[in-house]
Amino acid sequence: MEYFIQQLVNGITLGSIYGLIAIGYTMVYGIIGMINFAHGDIFMIGAFVALISFIIFGLTGVALPIILLLVLLIAMLFTACYGWTVEKLAYKPLRGSFRLAPLISALGMSIVLQNYVQVAQGARVKPMQPLISGGLEFFKNSEFIVTVSYLQIFIVILTIILMGIFTYLITKTDLGRAQRACEQDRTMTALLGINVDRTISITFIIGSSLASVAGMMFVLYYGVIDFYIGFLAGIKAFTAAVLGGIGSLPGAMLGGLLIGLIETMWSGYVSIEYKDVAAFSVLIIVLIFFPTGFLGKPDIEKV
Amino acid sequence: MEKKDIIQSFKDSLFTGFIALALFGPIVGLRTASKGEGLFITPQWGVVFLLVGLCILGRFLINLNSARTTEFTIFSKLASKFSAITEDKAKHFAITAILFAVVFPFLPFTDRYFMDVAIMILTYIMLGWGLNIVVGLAGLLDLGYVAFYAVGAYSYALIATTFGWSFWICLPLAGLFAAFFGILLGFPVLRLRGDYLAIVTLGFGEIIRIILINWYEVTNGPDGITGIPRPSFFGLPFKRSPDEGETSFHLFFNLEYSTMHRIIFLYYLILVLALITNYFTLKIRKLPVGRAWEALREDEIACKSLGVNPTNTKLTAFAIGAMFGGFAGSFFATRQAFISPESFTFIESAIIVAIVVLGGMGSQTGVVLASIFLIGITEMFRDLEQYRMIAFGGAMVLIMVFKPKGILANRKPTILMHGDKK
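Chains as they are written, first to last, in this note's numbering: chain A, 31 to 333; chain B, 755 to 1176.
It should be emphasised that the hints constitute simulated quantities derived from the structure, not laboratory data.
Capping the alpha-carbon separation at 27 Å, the derived lysine-lysine pairs in BS3-like fashion look like this:
hint : chain 1 : residue 1 : chain 2 : residue 2
1    : B       : Lys1040   : B       : Lys1058
2    : B       : Lys758    : A       : Lys118
3    : A       : Lys122    : B       : Lys1157
4    : B       : Lys845    : B       : Lys1037
5    : B       : Lys765    : A       : Lys118
6    : B       : Lys845    : B       : Lys1157
7    : B       : Lys1157   : A       : Lys118
8    : A       : Lys122    : B       : Lys765
9    : B       : Lys845    : B       : Lys1040
10   : B       : Lys1058   : B       : Lys1037
Could you build all of it, start to finish, from the sequences and the hints given here?
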């Protein structure tokens, strides 16, 4: 039982990270109907920017909370630039092209970003000393002590805060209304005087900044990154987005949590070698049996 | 051009430079490197300023000439002229290319290195043609094609090392196994729409690779399988000193022993396999099932209403494509005599997809040109491996942006009602 609770805590932490990446997939899919294959690599770039800023601020000796806040903002800012540029270069010219064109273009962009980081930062893994240590211990008199580290608490609370801001942005502001309008009908939205291109750009910016936060959490949580992390994390986050129902924002978060839980439970109880197989199998099973996910709207094919 | 425009484009270029600075600043400018304990940063501002400068200059030049439109039209005109020529002369081109491929090993400048590269290019051409059935004809984007290549290679290696059967028995078996896996994967997933299918096939490719890495008892894990038997020339092995009771190739034909014999044999082997794939594709395009693939690619709903069973039709495309992948895999295994999961990563799938897409989906000639271009020319820059991959991904994006149907687009259905309305 204690072991189960421990896995639950780990799963929720991991799920928060996946959920934040999944939002980027689901938003882009909702608005322009494409799978942004390069999103996992945007997450990886976010992790690298965060790592570099951690090293720089680590030398200055500023207090930890300020460092965390600064790194968060810097990572969001720079990674958003990447998201924006990728959209402008690789996706915008392809709007209205045949269906697979943006997907292939995104695949190319993903290869470019991975190898670009490999060239610029080297192929070796980048380790980082843990910044936030310690934690709370529960069930001290039982055999298995459940530890909830401060880092895990930090990750979950930060995710909740970001989700709050994000939900407010989407449901209450003009920007969110414009976005939801674009999702429904882009031509009509443009006729009503909303700048569709700008709205799509902002979607990419928001998605990328959330992915960069996930990247920062990843650096803190695992302490090791390399140029290849984006591939697996991207696939799992995409699975999360599909599981929750692609296009649905609460669905992405729910899917992220589920994928995180499935992965930790699988490595805890079944086998750690096959934990990635678990994620991929879930993806295949979900797509076959619930192609619309848990919270998604059914997709009607029009002639 | 007016003064206002110049100022405008200058401002625009500066903005580009600003964005470029934000992009390259942290990732290129602050290189992390581990020294002793922990990471340190070595700044590389020179490179960043160079890159930013190039971006500003490039943007300014593009704006100044509005080169974008003119250059684009020149480029696309050239490309369409080129594809028109190759289409008219397709027969001549094909015959010349095949003749060249046949005499290639005996040309004076051909050495061991050239032969190795040629064999590699032909392997990719064969894979490209195999995948072209799935992507080009049936219009199903398969990002996990390497899984079938892996299944073919591993089944060949396992059968050959366990039972000691000859290449010619193992080859069809490996193809059958790969086709079986194609059906196994295809059956549940082929109902999915294009981009979902792409992601699921990608997941399948990764599952196969993870299983190959972890299933020690059978696949020997990451260490791979060694000592895969080399192919023999219809029972005559390529050995300097044959075993008791055996005659080797050079003794039988009274030739001086040379390692090139085996290489040349492998070259012709893959050439024949590739040509079989091509011939098969060209023929099956004209059969009802081939027509149904192309029809499905163009409009699935119309097909359904005309009584074509989409799942079965797609399944045949998937299985046949997988079978050719399996053949190529067994060839790979017998050539290398060693295989490990390392050779079957996602990037291989991406390369094969890129060959098909860049060549122009559905175009057999395009696959050849794209393979020669991507594998052959970039092989010369082997030392620049990572830059090569950047250029490779960049080419995928650029082709999609400027010529989304590939260099030699051949998406014209092979049959039209009331003849060809041009």
